[in-house]
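Protein chains in written order, with my numbering: chain A, 1 to 143; chain B, 1 to 143.
If you're looking for bench data, these hints aren't it; they were derived computationally from the structure. Be a bit skeptical, because a hint or two may be false.
Remember, identical chains collapse to one label, so a pair may be satisfied in a single copy or spanning two.
Quick list of in silico lysine-lysine cross-link-like pairs, DSSO-like style, CA-CA up to 30 Å [what the hints assert, rightly or not]:
id : residue 1 : residue 2
1  : Lys112    : Lys134
2  : Lys75     : Lys112
3  : Lys27     : Lys134
4  : Lys75     : Lys104
5  : Lys75     : Lys134
Protein chains: 2
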Amino acid sequence: MDKRPLETIELEMAILSRRLTSISTYKKYGILDHSAYLLLHQIASNGSAGVKALADEFHLDISTISRQASALEQKGYVTRIPDPLDGRAYTLQITELGADMLKKDTDIRQDKIGQLLEDWSEEEREHFGQLLQKLNEAIFRVM
Amino acid sequence: MDKRPLETIELEMAILSRRLTSISTYKKYGILDHSAYLLLHQIASNGSAGVKALADEFHLDISTISRQASALEQKGYVTRIPDPLDGRAYTLQITELGADMLKKDTDIRQDKIGQLLEDWSEEEREHFGQLLQKLNEAIFRVM
DNA sequence: ACATGCAACTTGTATAATACAAGTATATAC
DNA sequence: GTATATACTTGTATTATACAAGTTGCATGT
């Protein structure tokens with residue numbers, strides 16, 4: 001029962017977490033901010049959705065998503081489509097402009113990651129991607 | 001030139017980043033908060049250091065570390081040792097209490113990570129740890 | 001030796017992302 | 001038709017960060 005890998009993972013995750021906080025909040029890095037990017041991505045790839053559904057999906061408070069959605073709407077990246085069956089609800093639908101920005105931003109982000117992992121082998125990248133995905137799934141399962 | 005692994009990494013990193021922000025800030029998870037943990041860890045494993053050196057090490061603003069250091073001192077986890085050669089400077093030295101808390105906190109954190117990765121093979125953990133480390137190094141090199 | 005600028009640290013202020021709580025409007029159940 | 005639940009918004013607090021200004025001590029050039 002060697003504890004070393006867990007030690008490493010624990011520490012490196014803590015370091016990464018802080019670095020990501022700093023970067024994603026203070027060093028704007030695409031066109032879109034973090035939340036806009038993830039929201040747009042979600043809507044674009046899984047279809048229109050309401051605030052509640054998105055909050056559940058991301059495990060964030062509804063109020064957080066509500067504000068982020070307003071911001072997106074204000075910038076014209078999404079429109080609210082009122083739910084015809086429920087006067088309280090609506091769904092967020094991505095606009096052409098929104099899809100455009102998402103595409104551009106995604107490209108920039110992938111470029112940057114590509115630069116960062118410049119000297120990684122294809123295998124390493126693939127493996128790392130898989131493990132990250134697995135980690136995120138585990139995190140979502142637990143919380 | 002398959003872009004898929006980069007796509008995955010990019011997206012999963014964005015997701016992870018947000019999840020870590022939320023968890024590390026709002027769901028206290030050890031005894032120590034994030035910054036306290038990392039600062040204590042650094043001092044404990046690399047020896048006493050001043051605010052400037054720590055800020056450099058972590059790539060954070062000096063003011064950020066200054067406040068975090070004050071908080072640690074207030075809780076009695078570190079003491080300031082004035083630099084005999086430079087009246088402006090001092091070094092932060094971990095106290096017995098601090099070392100104790102660090103130990104306890106580390107154990108808790110590693111337990112949690114262990115639970116999270118319960119069904120991972122030893123190989124996966126090892127590989128993931130290595131890749132995380134490599135990633136953090138790359139990040140620090142770039143910024 | 002002293003003025004000027006540099007360095008280490010602190011403190012003030014702003015920003016961003018989050019959470020929790022209270023409020024509004026609508027829907028549903030009885 | 002009233003009480004309760006739901007979808008969303010808005011108000012407020014917290015936390016981690018950055019940047020800027022301030023203080024005190026150091027180093028150096030003349």
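Each hint, compared with the structure:
In this homomeric assembly, lysine 112 and lysine 134 come within 30 Å of each other (Cα to Cα) both inside a single copy, at 23 Å, and across copies, at 16 Å. Taking CA atoms no more than 30 Å apart as the test, lysine 75 paired with lysine 112 passes inside one copy only; the shortest distance there is 25 Å, against 40 Å between copies. In this homomeric assembly, lysine 27 and lysine 134 come within 30 Å of each other (Cα to Cα) both inside a single copy, at 27 Å, and across copies, at 21 Å. In this assembly of identical chains, the alpha carbons of lysine 75 and lysine 104 lie at most 30 Å apart only when taken from the same copy (16 Å versus 47 Å across copies).
Taking the shortest Cα distances, lysine 75 and lysine 134 never come within 30 Å of each other, neither inside one copy (34 Å) nor across copies (37 Å).
Consistency note: the structure conflicts with earlier hint 5 alone.
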